[in-house]
Amino acid sequence: MPEVSVAAVAEAERLRGAYRWMLLARRLEEKISSLYHSGKIVGGVYLGRGQEAFSAALGVSLWRGRDIFAPLIRDMAGRLAFGEPLLDPARTYLGSVLGPMRGRDGNIHRGRPAEGMPAMISHLGSMVSVVCGMLMARRFKGDLEAVGAACVGDGATSTGAFHEAVNLAAVERLPLVIAVANNQFAYSTPTERQFACRDLTDRAAGYGIEGHAVDGTDLAECLMVFEHAVARARAGHGPQLVVGTLLRLTGHGAHDDAAYVPEALKRTPLGRDCLERAGQHLITRGLATPEELDRWDREVTEEVRQAVATAQQDPVPEAAGETWRALCSDLQP
Amino acid sequence: MPEVSVAAVAEAERLRGAYRWMLLARRLEEKISSLYHSGKIVGGVYLGRGQEAFSAALGVSLWRGRDIFAPLIRDMAGRLAFGEPLLDPARTYLGSVLGPMRGRDGNIHRGRPAEGMPAMISHLGSMVSVVCGMLMARRFKGDLEAVGAACVGDGATSTGAFHEAVNLAAVERLPLVIAVANNQFAYSTPTERQFACRDLTDRAAGYGIEGHAVDGTDLAECLMVFEHAVARARAGHGPQLVVGTLLRLTGHGAHDDAAYVPEALKRTPLGRDCLERAGQHLITRGLATPEELDRWDREVTEEVRQAVATAQQDPVPEAAGETWRALCSDLQP
Amino acid sequence: MALTYLEAIREAQHRALSTDPSVFIYGQDVAVFGGAFKATKNLSREYPGRVLDAPISEDAILGVAIGAALEGMRPIVEMQFADFSSLAFNQIVNQAATHFWRTGVPCPLVVRLPSGGTPGSGPFHSQMMESIYAHYPGLVVLTPATVGDAYSMLLEAIALDDPVIFCEHKFLYYHLKEEALPQESLPVGKARIARMGRHASVVTYSAMVHEALRAAADLALEGYEIEIIDLRSVKPIDSDTVLASVARTGRLLCVGESFPWGGVCAEVVARVVADGFNLLDAPPQRLNARDTPIPYHPNLWAAHRPTASAIAESLRRLLRF
Amino acid sequence: MALTYLEAIREAQHRALSTDPSVFIYGQDVAVFGGAFKATKNLSREYPGRVLDAPISEDAILGVAIGAALEGMRPIVEMQFADFSSLAFNQIVNQAATHFWRTGVPCPLVVRLPSGGTPGSGPFHSQMMESIYAHYPGLVVLTPATVGDAYSMLLEAIALDDPVIFCEHKFLYYHLKEEALPQESLPVGKARIARMGRHASVVTYSAMVHEALRAAADLALEGYEIEIIDLRSVKPIDSDTVLASVARTGRLLCVGESFPWGGVCAEVVARVVADGFNLLDAPPQRLNARDTPIPYHPNLWAAHRPTASAIAESLRRLLRF
Ligand SMILES: Cc1ncc(C[n+]2csc(CCOP(=O)(O)OP(=O)(O)O)c2C)c(N)n1
Ligand SMILES: Cc1ncc(C[n+]2csc(CCOP(=O)(O)OP(=O)(O)O)c2C)c(N)n1
Ligand SMILES: [Mg+2]
Ligand SMILES: [Mg+2]
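Residue numbers (our numbering), protein chains in the order written: chain B, 1 to 333; chain P, 1 to 333; chain E, 1 to 321; chain A, 1 to 321.
If we strip away everything but chain B, and leave its shape as in the complex, we get (with noise of 0.2 Å):
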């Protein structure tokens, strides 16, 4: 057998789990995905497919528990990497009562902002001043080691509330990874009525930040360009911005059949299924058997059945039990 280094297994070893995160988010999107076809989801369905690398990857790059992953629509995966329980979803979708929501708000919108996970609104781009808040708190409480994250698409780059918090980070030197997932579309709109820019890295200069394209569809240059922005996040050269550029594979929900999306976009390499890609490059590589790909696709398969299985079990919400009170203290409305 030969020698290998420290540090090449230590990156199997994040490729491989990775690997195995992308391949989860994977899974349990296509159920909720069938399950929202046969009319048992609750709410809308969002879906991260062709997204996974980028998303996985950012979310192994974080420190669980220490960090702060604000994720948006399309990141199963880097939810579970970063920590989500598998039941949160499950839970969410389902419209079940045990979920981290309640039952109050649902699926893309779940969060868990006590342990690092804020629970995003749907107005796009209102998450990355958040994320900065909670950094900032972190410095105010000396902690100056933890990084924040935030996702957003290319469409959210154009929301005031986008270049309003990233110019603020830049001025704090916040310890801020802007993701951005250019998948070509926002909904509909293709991004050339969405930016003019040539790349969106392009805006990383004129905020004073630095700045990192990567191809979202090859999970091994996407975990590089993360573990190297978080590591200068976290040495305090101030906000990243990371672009990953790919294609989503669905609609823009679950209800969108994604008819504007020519074929011909879909045959160039953007159209790539980084799953595909990332399951390749750890066989090729050496890194993993196409044995062991089954066996964790039987094994995640497995563990998103028992989830949803539990979840159709648990309670519903139900209008007698809500205390329909907004506010926290005991002011009386």
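Among the clues, some could well be false.
Chain E side only, calculated, beta carbon under 10 Å to chain P, not exhaustive [said to hold, decoys possible]:
{"#": "1", "residue": "Phe-24"}
{"#": "2", "residue": "Ala-54"}
{"#": "3", "residue": "Gly-67"}
{"#": "4", "residue": "Ala-69"}
{"#": "5", "residue": "Met-73"}
{"#": "6", "residue": "Leu-87"}
{"#": "7", "residue": "Pro-106"}
{"#": "8", "residue": "Cys-107"}
{"#": "9", "residue": "Ser-233"}
{"#": "10", "residue": "Lys-235"}
Quick caveat, the hints were computed from the structure, so don't treat them as lab data. For each residue, glycine too, the CB sits at the ideal point set by N, CA and C.
Chain B is fixed; fit chains P, E and A with the ligands onto it per the hints.
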């Protein structure tokens, strides 16, 4: 008498013309400031001292009556150069009911939107997208020649409104000139608490538009850059970001002594008075004599005196004459 | 050939584009895609260059509409959901609403807000915002409850010289059908008697009109004739029609889907008691959604907003008084 | 050593910073400059690193406050003028207000809004926004009218676990003085009887309390005893105190400086008639600002907002009824 080219004559005329607008603005604002301190002005006073070259150069670069000019709080010079009647500021500051806003709104908020000069609201950054809309209207109506200019300060570049508008202008490839007067402060806040980029022109690439840096204290340079930018916009090259570097040679408002501006900064080249420099330039290049400048000074001072005297005789708004209706249609609220 | 409420909205835009060259449509995904709800389906093909996709920039979208309006255009803005207009709030209330009064130059534009709750939509895709916008001077705020009104009021909104907030209700988009578009219609600013009655008046608007009608049908079985007033426009409010109804019935219940504090119902009650105090035989009542964000789970949502049975319950209490 | 309303606000922040390490102040020009109105004067020197200048980014400023609050801090945000909070509207009503209800994690922050009209300030530096924020579930909205309340309510606001919109009135900043800060005070959520009376009740808040007191003094000369209720907090509203007053006087006038459509006055009237209809001897009335933007010229401004004489006039009509 040596032969001079047509271009040289035209350039001389532009310099002389712009200088005269600067002088008029300076004298008018000095008058308003002294009226303010004797309690004769209605509302707040924000002055453009030190910014006349940058502002006037933009004003004279536009086509009066055809183009669009959206001034901000320090653009007295540009307004006058673009064609605002001197009585408009005199009347608004003195609370005449005959001013363009009829006492309903005042001072820096005055405008003549039907004549290409929108009336600003206070919320910084909000006017840029309004100019975009005006330009889109022109395009809809088949006018492909008009240019629109929107003025902002360094501070306003941090607003979401600014970002959304510039990005949208780039997507629509609008003939928009964005004039950023970087006067080193937003009220008391220095630029290092406002943004972290090396230079605000670094933002241009991030929007995919053309950017131009200019010494805002140098009239000749401002003229050259704005004429170039306006011509580029008019020729279909899309939005042009022009950043003028200068210093606000006054408080934020007439109520502010600007004690927070370091003395050392005032002694840098940024602190040079653009009006004096422009006068020197005219004399040195033989484009005007000291006597001519003195004569202009007497002339504009007299113009100011007359405008103020007229405005002071004007009737003031009376509540009894108000319709107290905000709707323009005859719907009864 | 029955037409839905949503199709009526599309038809009105179609007609406006075809008859007035100054009309254009601006919003996210409105062009080729035809809008998130398909309210602009095919319009970009039929009117090339006049139905434009916007970036995700609600503030700038409104700024563009305002600027274009000042230059004589008549923009129709589609917000993808009413809830996202919170990001255009400043441009709407401070720029569009104040413009005519400040400058004498009108600012004719329409902001279409897909409003209101549907099951599973949650706190950020269910809001009613009419009470917020109606608070501000200079805006007209419309809340059509029928297919015919969706059509005729949208056409009127486009023709008005004032900025109009057009609150269309998503719950009615596909549910509500009518056989044909109206030839005639009440003008904006006039309320409609949706059902005549004499024991109590329900004043309401938008989707709640239909809940109220169902409640009235229930109470008819109990021998009560409930009059239902559909406000149609919440700014201006047609106080005359409301007062005339209260004069007939002596009892008032005002029903709204928005949050309970302030808003349309409070305004209607305050007007009625100021000008029609002596017409009342019982304390006027309000029924609104609960004072929490709008829940995502349908079980909670159904208990959050007023429903036919909650309205009927309120009416029974009011009638017992 | 008399203290102004503004100094009381500064003192409250001073005390909060000194007693609670989780408090910090964020806003434009609040640090070395001490704020546009000097409400944070010297605080950045006394509490280095805890009073921070923000860029002109109202949305992000609120986002920062929310994020910091979620992590256990207690941010105080100063808006330079209440009017500019329109740009933080989304973060306030959709993020801060909904957070506890959605997630169970509190979001304790205070947004200080320098509010209300002063002569010559015009449409964008004069607004009252309490009616907008109070509409949304999840917010507490305070409107102190006295030096003592400015102090004690701000301290209470900072200590509350809910997001608080603190509407301080610019017209009172320098005008209003008191000899000392209060040792005790009414809790947030309780209204105050600012003047006892028996012929009519004026329910009001913020700067209008003082106009109403002047009107009451005038009417006293005419033999009428007017009771003045200072709401102090407009969300929650202390309906009990209001109803008790109406029970004593039988007549209600509600006065507010904000726009007339909806809002605090409509809410108060709607509550009183729903729960205290039989207490009323006359139709309850409202007096608000006019339904136009706020005029810049002092002549127009004085006629736009309610004044002591306009209140007295309304009261005379109410008393004649
Ligand atoms: C401010 C705002 N405007 C509009 C929407 C409606 N909306 C939801 S997702 C979406 C497209 C987002 O595109 P992008 O940011 O590229 O993310 P992607 O869906 O491609 O992952 C839009 C317009 C929203 N959520 N927020
Ligand atoms: C959105 C918004 N926030 C705050 C203010 C208050 N304000 C008025 S002028 C000003 C400073 C503006 O600085 P800058 O843009 O650099 O322009 P300058 O005054 O230097 O010309 C501020 C903060 C405002 N008008 N708009
Ligand atoms: Mg996208
Ligand atoms: Mg500046």
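Hints, one by one, checked against the model:
no., hint, verdict
1, Phe-24, "holds, 6 Å"
2, Ala-54, "holds, 7 Å"
3, Gly-67, "holds, 2 Å"
4, Ala-69, "holds, 7 Å"
5, Met-73, "holds, 5 Å"
6, Leu-87, "holds, 8 Å"
7, Pro-106, "holds, 5 Å"
8, Cys-107, "holds, 8 Å"
9, Ser-233, "holds, 8 Å"
10, Lys-235, "holds, 7 Å"
Consistency note: the structure conflicts with none of the earlier hints.
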